[in-house]
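Trainee: The whole structure should be built from the sequences, with the hints applied where relevant.
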Amino acid sequence: DVKVTQSSRYLVKRTGEKVFLECVQDMDHENMFWYRQDPGLGLRLIYFSYDVKMKEKGDIPEGYSVSREKKERFSLILESASTNQTSMYLCASSSLGQGIYEQYFGPGTRLTVT
Amino acid sequence: RKEVEQDPGPFNVPEGATVAFNCTYSNSASQSFFWYRQDCRKEPKLLMSVYSSGNEDGRFTAQLNRASQYISLLIRDSKLSDSATYLCVSSGGGNKLTFGTGTQLKVEL
Numbered sequence: 001d002v003k004v005t006q007s008s009r010y011l012v013k014r015t016g017e018k019v020f021l022e023c024v025q026d027m028d029h030e031n032m033f034w035y036r037q038d039p040g041l042g043l044r045l046i047y048f049s050y051d052v053k054m055k056e057k058g059d060i061p062e063g064y065s066v067s068r069e070k071k072e073r074f075s076l077i078l079e080s081a082s083t084n085q086t087s088m089y090l091c092a093s094s095s096l097g098q099g100i101y102e103q104y105f106g107p108g109t110r111l112t113v114t
Numbered sequence: 001r002k003e004v005e006q007d008p009g010p011f012n013v014p015e016g017a018t019v020a021f022n023c024t025y026s027n028s029a030s031q032s033f034f035w036y037r038q039d040c041r042k043e044p045k046l047l048m049s050v051y052s053s054g055n056e057d058g059r060f061t062a063q064l065n066r067a068s069q070y071i072s073l074l075i076r077d078s079k080l081s082d083s084a085t086y087l088c089v090s091s092g093g094g095n096k097l098t099f100g101t102g103t104q105l106k107v108e109l
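Chains as they are written, first to last, in my numbering: chain A, 1 to 114; chain B, 1 to 109.
Hints are computed from structural coordinates only; laboratory data are not their basis.
We put the CB at the ideal spot given by N, CA and C, even for glycine.
One should not assume that every hint holds.
[Claimed, not checked] Just the calculated beta-carbon pair ranges, DEER-fashion: (1) A:R14 to B:P14: 45 to 55 Å; (2) B:C40 to A:K13: 21 to 31 Å; (3) A:T5 to B:C40: 14 to 24 Å.
[Claimed, not checked] According to the in silico footprint, chain A covers these stretches of chain B (three or more CB under 8 Å from chain A): (4) 37 to 45; (5) 99 to 109.
Mentor: Structure (structure tokens):
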């Protein structure tokens, strides 16, 4: 059974803080993704990675960076958190093999920036 | 214009009813389509893929109309456990997916 875990379910940070969101998957998936989900806007892709040390910008990368030093781990970094980054953050992974388009999601991190 | 558009609902239906959702997409180059299901306060999960020839899985039927650029999901004999938000998803190729904002379904006794 595929498992994607995220470091925190709820997080409260202050404006200007540096924030790290961690995601780990245990299925040896090549692809990993970070999304944010907001009411009325749906899921929007922030960054994704096809391989270790590789990253690609998604649709809304501004204000975010990512790190993928190991295959199983994909980190999202908010360099200087702002209130408009208050959101639900979802990590996902998928394989290049079978089920190529099935993305498995983690439980999400609800981030509040005050 | 959003790349994938859905009626947000909610669709309130009695148990046992048949309900259908439509979704339109604007990118004619989109190659693959899917329906994901998201329960309240949970993560999205793949429900089924959508093919031009139609795809049926038990009580669920998905259809793609490329000419009109819409995707549909039909649920027959609705159950209380079908209550969720249904996300329409397109892919232009590769592993990048574009999600609609979702259609909320509430099945009532």
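Trainee: Confirm or reject each hint.
Mentor: Status of each hint after checking the structure:
1. Under the hint 45 to 55 Å, the C-beta atoms of A:R14 and B:P14, about 48 Å apart, fit the expected range.
2. Between B:C40 and A:K13 the beta carbons are some 25 Å apart, a value that agrees with the proposed interval 21 to 31 Å.
3. For A:T5 paired with B:C40, a C-beta distance near 20 Å keeps the hint of 14 to 24 Å intact.
4. Here's how the stretch 37 to 45 of chain B fares: 4 of its residues keep a CB closer than 8 Å to some CB of chain A, so the rule of at least three is met and the hint holds.
5. Only residues whose beta carbon comes within less than 8 Å of a beta carbon in chain A count, and the stretch 99 to 109 of chain B has 4; three or more means the coverage holds.
Of the numbered hints given earlier, the model fails none.
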